[in-house]
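As given, the protein sequences belong to chains A and B, one line each in that order.
Note that our numbering numbers the first sequence so that position 429 is 429, with each residue one more than the last.
Note that our numbering numbers the second sequence so that position 52 is 1052, with each residue one more than the last.
Treat the hints with care, since some could be wrong.
Unchecked claim - Mimicking EDC-like on lysine to aspartate or glutamate, the simulated pairs with C-alpha atoms at most 16 angstroms apart in a straight line are:
id : chain 1 : residue 1 : chain 2 : residue 2
1  : A       : K407      : A       : D230
2  : A       : K162      : B       : E1043
3  : A       : K156      : B       : D1045
4  : A       : K307      : B       : E1043
5  : A       : K66       : B       : E1036
6  : A       : K415      : A       : E235
7  : A       : K455      : A       : E439
8  : A       : K473      : A       : E439
9  : B       : K1044     : A       : D195
10 : A       : K139      : B       : D1045
11 : A       : K214      : B       : E1029
12 : A       : K162      : B       : E1052
13 : B       : K1067     : A       : D210
14 : A       : K156      : B       : E1036
15 : A       : K66       : B       : E1060
16 : A       : K162      : A       : D230
17 : B       : K1050     : A       : E213
No lab work stands behind these hints, which were simulated from the structure alone.
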Amino acid sequence: MNNMLFSEFFEVNKKEKKYNKILLIISFLIGILGLVIIMRLVEVSFPKKNLIIVDKNVIKKINNKKRGMLLDRNNRILASNIYIYNLKAYPKKIKDPLNTINMLSNHIIFNNKALFKKIKNKEKYEVLIKKNITAPQAKRINNLGIPGVEFVPVIKRFYPHKEITSHFVGHVNGNMIGQLGAERTFNNKLNSGEDINLSIDIRLQYIVRDELEKARIKYNSKSATAIIADLNNGEILSLVSLPDFNPNQSINPELNSYTNTATLNLYEMGSTFKMFTITAALDLSQVNLDTKFNASKSIKIANYEIKDYKPQNRILSTKEIFLNSSNIGSSLIALEVGKLKLKNFYDKIGLLKISNINLTEKTKPITPKIWGKIQTATLSYGHGLSISPIQMIEASSKLFNNNLAYKTQIHKKNKEETIEKTKFLSENTIDTLKYLMYENTLNGTARKAKLDGFKIGGKTATGEKAEKGKYDKTKLVSSFLSVFPIENPKFISLVLFDEPSLGDLKNYREGATGGKTAAPVTANIYRRIFPILGITKSYKLGPELIVDNKGELNFVSY
Amino acid sequence: MKKIIFFTFLFSILLILLTFLNYKIEVIETKIIDAEIVNKKLEKDLVFFKSEWEYINSPENISYLSKKYLHHKPAELIELLHFIKLLSNEGQVYE
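With the rest of the complex left out, here is chain A:
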């Protein structure tokens, strides 16, 4: 009996223990579950500031919208992105339209009546009050706390140097897509956020534009162009095309000011071509500086008569032909060289091809369809072939840096970027050419470009514009191409005026020739840019005096 009771008791105890264990496990699991739920509740209820408002996509969007900056060769900003604000009104939220307008009109100018009409109309969701409000102005208006009025930030491309860099830097459209100049050339790189250093120096650009604009007004010319390039690497240090425009304001591409005259306009350049003709003849050893040509009378080829601007009426040497800019002499040299050789030479230096500058705005040259005896003669002094000013720079650069693999660039080149050397002219030819260019500024047509203490070489040109199949003597294209320092050329420049006039005179004989217009302007530019470029004056006196007084001097540089 006792045994039975014990066994029953143990069995009950066992069952109880089993239930207790199950209960313990269940309560433990429920406990853990409760803890997890509490933890989650704590996590959820904790304030996650900003996470609700801004997520990662927003940040990505901000990043993607950033267009790279355009900088000059010394890292000065030429184009950047700034925030401006558009002020909008939400009529449904405005209770007192009159008061709203009164408050706003103290800070911004707008058409009060028209706006009142618009914001009174409760059916309209939003009304644009004013565009392009600057941040400080927006802050002042925002502080007024006007209900129903809101600022919408908009990214805008900003060009701090306004007109000065207009054609070179270009501009973007409303969708931040480059439309002109470097903005267009480097559009993809800029849109991926990359900053780009362009080749220009803003200090030079300002000076060149300043002098060119003064001269354009003085000579009352239709347009004016100036280019300065580095002969060693093809970088454009300054490119000015006038008239120009302010890229910060709304732009009308139909206006003349939108055209980049340096790369788009085609001109029959005139006498600068004599430089090419004589170089070709010298290099082919067909002439030397003393070779004589009969320039005593005009020459007739078929029905075409070739005359000189200032007839010398005598036999001229090659040197005299260059210094007196004789068309007759140049034609005779070209005929001596021969049409095929001359054509090949022009082709080699790129006069017959489109410019290789990395700007998208450029024009193909107008080349003669037939290249006969007349064309050979007239092309020798720059008639019958229309090229852009940038092509003139490119072709001339090839002579002075003696390199055919030369490419003109609007961006600053990397130091590692090497330029392939493909010499094509003899050293003797280049030296002779340099001598002729230098002599021309001393005793030739470019005397007005002479600067005391500096050695500049140059060639003037005065081309007549062709209209209705005839050359018009009152419509000139006057230019001056120069190289400096001439002993060891580092830079090349071209200044060109389209239809300039000297006072009331507007004819070829007494008028605005390259020597009278472009040459003195070039000298004015050089006077101001040489200190920046580090071109030093060669003094006639020795430097002893400067050294003796060194201790008392304070040099200022800016």
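Could you slot chain B onto chain A? The hints should help.
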């Protein structure tokens, strides 16, 4: 049985730890995003100030201001003779 309890316990602890970890990550992410926003804002401000500085400091403005207030002429190299006169205290002579 003991094993089940042990693993359930371990699993729960792991779950709690994960919850904590998740929370910490979110807090750090929030901080990173905050920092990025501030950074972007500062970058934008910097570009604005740089642009403003570039505009104020442009050669055109500097030239205008120096002409108006300091009566300065554009920088150019002076002749040696003028330089000698300057050294011998004969005053400003160059144009």
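Hints numbered earlier in the text: which of these fail when held up against the supplied structure?
As far as the earlier hints go, 2, 4, 8, 11, 14, 15, 16, 17 are violated by this structure, in ascending order.
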